[in-house]
Amino acid sequence: MRLKFTVNGRQAEADDVWEGESLLYVLRERLGLPGSKNACEQGECGSCTVRLDGVAACACLVAAGQVQDREVDTVEGLAGEDELDAVQRAFVDAGAVQCGFCTPGLLVAADDLLERCPSPSDSEIRESLAGNLCRCTGYEKIMDAVRLAADRRAEEARS
Amino acid sequence: MDFLRPTHWRDALDAKAHHPDATPIAGGTDVMVEINFGRRRPSTLLDLTGVPELTDWSLDDGRLRIGAGVPYARLIDELGDRLPGLAIASRTVGSPQIRNRGTLGGNLASASPAGDGHPPLLASDAEVEVQSLRGTRTVPVGEFFTGVKRHVLADDELIAAVHVAPATGAQQFSKIGTRNAMVIAVCTFAVALHPEQQRVGTGLGSAAPTPRPATEAAEFLAAELTDTDQWNRPRPLPESVVRRFGELVAATTAPIDDVRGTANYRTHAMAVMARRTLGWVWNEHRTGRQQCA
Ligand SMILES: Cc1cc2nc3c(=O)[nH]c(=O)nc-3n(C[C@H](O)[C@H](O)[C@H](O)COP(=O)(O)OP(=O)(O)OC[C@H]3O[C@@H](n4cnc5c(N)ncnc54)[C@H](O)[C@@H]3O)c2cc1C
Ligand code: FES
Ligand code: FES
Numbered sequence: 001m002r003l004k005f006t007v008n009g010r011q012a013e014a015d016d017v018w019e020g021e022s023l024l025y026v027l028r029e030r031l032g033l034p035g036s037k038n039a040c041e042q043g044e045c046g047s048c049t050v051r052l053d054g055v056a057a058c059a060c061l062v063a064a065g066q067v068q069d070r071e072v073d074t075v076e077g078l079a080g081e082d083e084l085d086a087v088q089r090a091f092v093d094a095g096a097v098q099c100g101f102c103t104p105g106l107l108v109a110a111d112d113l114l115e116r117c118p119s120p121s122d123s124e125i126r127e128s129l130a131g132n133l134c135r136c137t138g139y140e141k142i143m144d145a146v147r148l149a150a151d152r153r154a155e156e157a158r159s
Numbered sequence: 001m002d003f004l005r006p007t008h009w010r011d012a013l014d015a016k017a018h019h020p021d022a023t024p025i026a027g028g029t030d031v032m033v034e035i036n037f038g039r040r041r042p043s044t045l046l047d048l049t050g051v052p053e054l055t056d057w058s059l060d061d062g063r064l065r066i067g068a069g070v071p072y073a074r075l076i077d078e079l080g081d082r083l084p085g086l087a088i089a090s091r092t093v094g095s096p097q098i099r100n101r102g103t104l105g106g107n108l109a110s111a112s113p114a115g116d117g118h119p120p121l122l123a124s125d126a127e128v129e130v131q132s133l134r135g136t137r138t139v140p141v142g143e144f145f146t147g148v149k150r151h152v153l154a155d156d157e158l159i160a161a162v163h164v165a166p167a168t169g170a171q172q173f174s175k176i177g178t179r180n181a182m183v184i185a186v187c188t189f190a191v192a193l194h195p196e197q198q199r200v201g202t203g204l205g206s207a208a209p210t211p212r213p214a215t216e217a218a219e220f221l222a223a224e225l226t227d228t229d230q231w232n233r234p235r236p237l238p239e240s241v242v243r244r245f246g247e248l249v250a251a252t253t254a255p256i257d258d259v260r261g262t263a264n265y266r267t268h269a270m271a272v273m274a275r276r277t278l279g280w281v282w283n284e285h286r287t288g289r290q291q292c293a
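Line by line, the protein sequences give chains A and B.
Heads up: the first sequence is residues 1 to 159, going by full-length UniProt numbering.
Heads up: the second sequence is residues 1 to 293, going by full-length UniProt numbering.
If you're looking for bench data, these hints aren't it; they were derived computationally from the structure.
From chain A, some residues computed to sit far from chain B (all C-beta separations above 12 angstroms):
id, residue
1, Ala-14
2, Arg-30
3, Pro-34
4, Asp-82
5, Glu-83
6, Ser-119
7, Ser-121
8, Gly-138
9, Ser-159
Which residues of chain B face chain A? A partial, calculated answer using Cβ under 10 angstroms:
id, residue
10, Phe-3
11, Ile-25
12, Gly-27
13, Gly-28
14, Val-33
15, Asp-47
16, Arg-91
On a predicted model such as this, the values are computed, not experimentally measured, just so you know.
All C-beta atoms, glycine included, are put in the ideal place defined by N, C-alpha and C.
Same shape as in the complex, but just chain A (with noise of 0.2 angstroms):
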């Protein structure tokens, strides 16, 4: 099938798609965003997170099919023409990136989570964490990194 949706607000189109394949495949080998990972393609890890239409999902399990007409938004959307979003720039500077592998996922999770609470206590970020696995950093700096953008997206908003 001729596959065409919006991606990061950008018509995007990819022909030949099996429509059994998932989004996750879409973004990465035929649209050229491999900002979403590919990990487990389960849903168990969260490292393919995107948004679809709004809402938090992971792409390993959105049909092709199921994303015609749709809007999706990825990790390769955060970030301004040349500067980082807030949230990036937390994790950055708490250092809350390791091998950076499940980085993407947890990015747009954590964007998602400051949008629907833009200050959240730490038992909310671990609720809307609880489906990003991180091997490396023990998610202690990424609670960090989420706190700290809460602080700074605040303090921009004030501003």
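For chain A, the structure is supplied; the task is to place chain B with the ligands on it using the hints.
Just chain B with the ligands, lined up with the frame of chain A:
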């Protein structure tokens, strides 16, 4: 592969009638895992996410009708006050990403013995509304499952909705797994008090090939509460009653040994969960305050 994307319920039924071998796909959280791992190669996928009728819920004549396509996240946010047992169970499903996409209809049709939606629906006497071009039928949730991953749906039928009464009393759910997030249940137990009918509802998950109620336990407890006039004037429950309830629940199980736990463990755990959840609902019945695990 054919990929069918109806945008109306009627068209979805029409598609299923003309492609009886089509695999419906809603949130995809079961279907896509099977496709990604080559365990299933459907000739036709029937995408239900474009059918707006499936993602609505409404209250008609005192009963909730929940569209098969309502995801767990919305069951929690929008119906948590009216269906607290189902909401507690929904919170234990997968992760936020899974709860955003996974649906009640998909949970029923997958018919896994470990489906977390099933025990609370059993405890609340829910019914599954099944439709095809031939018409509509409602199936009590206890009769919906016919075996492991098997159910009563005919090839041309789809699940339209689930019908369930809003809670009139306390409801609880308990799940055992190796950790808190993202875990397939070792076993689960749901209990609901129905004070206006002086009845108790129960549901066991992962303890038999299909989810089942613990009818004898429920009847024992209800009779005990009625005989001692505790529905209206609740007092702390005698230890003997709580223990007997747990024993009767455990006696209902027909579990197996598998990678997640042994049959013995499951039977034992079921008695413990039954006693605990009874403690929680009874406390709430007495005080009006919900308790968390
Ligand atoms: C990482 C992960 C964690 C999970 N954790 C849990 C958990 O904790 N507890 C739990 O219970 N489940 C869990 N699941 C399983 C799954 O998320 C649930 O069973 C979910 O409810 C399936 O819904 P869905 O909409 O995604 O179904 P889909 O995958 O779209 O479909 C599932 C089945 O239902 C059929 N179907 C869907 N809708 C209909 C309909 N309206 N009529 C007829 N047939 C239909 C499909 O053909 C398919 O056979 C998990 C899955 C993953 C990937
Ligand atoms: S690759 Fe999608 S959740 Fe792991
Ligand atoms: S930084 Fe390596 S997996 Fe998270």
